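Participant: Go by the hints and put chain B onto chain A.
If you read the sequences in order, they're chains A and B. Here the first sequence is numbered in the numbering used here, starting from 1 and rising by one per residue. Here the second sequence is numbered in the numbering used here, starting from 1 and rising by one per residue.
Hints listed in this document are in silico derivations from the structure and should not be mistaken for laboratory results. Treat each hint with caution, since some may be false.
With a Cα cut of at most 30 Å, we get these calculated BS3-like pairs of lysine-lysine [said to hold, decoys possible]: (1) Lys98(B) to Lys53(B); (2) Lys47(A) to Lys81(B); (3) Lys6(B) to Lys88(A).
Derived CB-CB ranges, DEER-like [what the hints assert, rightly or not]: (4) Ala95(A) to Glu245(B): 27 to 33 Å; (5) Ala95(A) to Pro21(B): 35 to 41 Å; (6) Ala95(A) to Asn7(B): 20 to 26 Å; (7) Glu69(A) to Val290(B): 42 to 48 Å; (8) Arg51(B) to Val78(A): 34 to 40 Å; (9) Ala334(B) to Asp33(A): 41 to 47 Å; (10) Asp33(A) to Thr172(B): 56 to 62 Å; (11) Tyr113(B) to Glu69(A): 18 to 24 Å; (12) Arg70(A) to Ala169(B): 43 to 49 Å.
Fair warning: this is a prediction, and the values are worked out from it, not measured in the lab. We put the CB at the ideal spot given by N, CA and C, even for glycine.
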Amino acid sequence: MKVVAVTACPTGIAHTYMAAARLEKVGKSLGFDIKVETQGAMGIENKLTERDISQAEIAIFAVDIAVEERERFNGVKVIQVPLQDALKDPHSIFAKIQS
Amino acid sequence: MPELLKNLRQHLLTGVSYAIPFIACGGILIAFAIAFAPMTPTGPDFSQAPRLKLIFDIGSAAFSLMLPVLAGYIAYSIGGKPALVPGFLGGYFSDQVKAGFLGAILAGLLAGYVVELLKKIPVSKHFRPIMPILVIPILSGAFIGVVMLKVLGTPIALLMSNANSALRAMGTGNGIVLALILGSMIAFDMGGPINKTAFFFGAAMIREGNYQIMGACAAAIGTPPLGMGLATLLQKRLWSSEEREAGLAGIAMGLIGITEGAIPFAAADPIRVIPSIMLGSAVAAVIAMVGKVGDHAPHGGPVVLFVVDHRFAYLLAIVTGTVVTAVSINLLKARSRRLADAREEKAA
Chain A
1 MKVVAVTACP
11 TGIAHTYMAA
21 ARLEKVGKSL
31 GFDIKVETQG
41 AMGIENKLTE
51 RDISQAEIAI
61 FAVDIAVEER
71 ERFNGVKVIQ
81 VPLQDALKDP
91 HSIFAKIQS
Chain B
1 MPELLKNLRQ
11 HLLTGVSYAI
21 PFIACGGILI
31 AFAIAFAPMT
41 PTGPDFSQAP
51 RLKLIFDIGS
61 AAFSLMLPVL
71 AGYIAYSIGG
81 KPALVPGFLG
91 GYFSDQVKAG
101 FLGAILAGLL
111 AGYVVELLKK
121 IPVSKHFRPI
131 MPILVIPILS
141 GAFIGVVMLK
151 VLGTPIALLM
161 SNANSALRAM
171 GTGNGIVLAL
181 ILGSMIAFDM
191 GGPINKTAFF
201 FGAAMIREGN
211 YQIMGACAAA
221 IGTPPLGMGL
231 ATLLQKRLWS
241 SEEREAGLAG
251 IAMGLIGITE
261 GAIPFAAADP
271 IRVIPSIMLG
281 SAVAAVIAMV
291 GKVGDHAPHG
301 GPVVLFVVDH
311 RFAYLLAIVT
321 GTVVTAVSIN
331 LLKARSRRLA
341 DAREEKAA
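So here's chain A without its partners, still in its complex pose (with noise of 0.2 Å):
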């Protein structure tokens, strides 16, 4: 299953990018096709492209703010959760998905 997810938090320089590493990680073990953007202090890196939202089956949003260009996940289904979540039990997120 192709899922692609979003991490940000306030300051964006810590969490944001250990969140992203652990959703990619657990991810790909559970044999998910994952990729994911993050909406750090840098600004959004590894965008995600209008071609890996289309073929996404949901999006994750792994964030403490708002999701910025948020208009390019309209008419994809979108789970939220705080960035917490995804730092300590990412294992609960992606059994949401499969539910």
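Facilitator: Here is chain B on its own, set in the frame of chain A:
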């Protein structure tokens, strides 16, 4: 209700995330200029130092822009692009009437929700395109201007100036209590929303010219990962090889003021780790507060030493907090290890 609060928090943090770099730029440039200018009883004297004056002016400009950016992006988080106009205006007025960051936060929230309401007005199809480019910016901008300049601005400004003078006149006892709370908050969720609340309070006070709140926060910010790192070095047998590695990474992160370095430990053993790091950070914050440490940058850890006042007290605060954290976690861990061994013996 929890949903509403969660959304509210997200909007506030969005604004904060855009405002922090402005505080960093303004705070550090201003501190730099003042540090090298001759000091007089009425403040720094720039008459003989045009270059320092220039730096000071640039920093001040960053500070003036910080409130509009804060309010603007709080509004943006709620109402999207059309909310930027009333948000920026509201923050600008908040600066004009001296309502500070409280005024800017309120203006941003009001601006965002007003725009959300205006969006809901039913209009005919031909009329719709002019809503976001004409009607909403003009109506919401006029609304927020009237509210900030004529209604809410002055009472908030009064509140802010009272709060500021209360903070400034605060005795040692209250200062210690405040530092205890701030330090514990900084460590509690290691970079999460509670940490950011304390952090932003400190950062916002920099703009108000009170550097000690941030000083206490800054001392507390570095100690959790530093303390965990020190703990793994002090008693290697208590820690696995992965944990010792995370400890070294923690020391590096602690030095550059990233509290998140303690997360791997706290995730593995929250019941013992979180109280230990809270204790260490609270101790660090109290020592910094008592030592009158001031921090001109919205960041913490040893890395900001250059822009800190009373550097010796700052270092003392960090070192003491780090040692307290390391000793507490190792005591707790050794105790649980002994209990576990005793249980095994009994079972055997």
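Participant: Against this structure, judge whether each hint is valid.
Facilitator: Hint check:
{"no.": "1", "hint": "Lys98(B) to Lys53(B)", "in the structure": "23 Å, holds"}
{"no.": "2", "hint": "Lys47(A) to Lys81(B)", "in the structure": "20 Å, holds"}
{"no.": "3", "hint": "Lys6(B) to Lys88(A)", "in the structure": "19 Å, holds"}
{"no.": "4", "hint": "Ala95(A) to Glu245(B): 27 to 33 Å", "in the structure": "29 Å, holds"}
{"no.": "5", "hint": "Ala95(A) to Pro21(B): 35 to 41 Å", "in the structure": "37 Å, holds"}
{"no.": "6", "hint": "Ala95(A) to Asn7(B): 20 to 26 Å", "in the structure": "25 Å, holds"}
{"no.": "7", "hint": "Glu69(A) to Val290(B): 42 to 48 Å", "in the structure": "47 Å, holds"}
{"no.": "8", "hint": "Arg51(B) to Val78(A): 34 to 40 Å", "in the structure": "51 Å, violated"}
{"no.": "9", "hint": "Ala334(B) to Asp33(A): 41 to 47 Å", "in the structure": "45 Å, holds"}
{"no.": "10", "hint": "Asp33(A) to Thr172(B): 56 to 62 Å", "in the structure": "59 Å, holds"}
{"no.": "11", "hint": "Tyr113(B) to Glu69(A): 18 to 24 Å", "in the structure": "22 Å, holds"}
{"no.": "12", "hint": "Arg70(A) to Ala169(B): 43 to 49 Å", "in the structure": "45 Å, holds"}
The structure does not agree with numbered hint 8 stated previously, though it agrees with all others.
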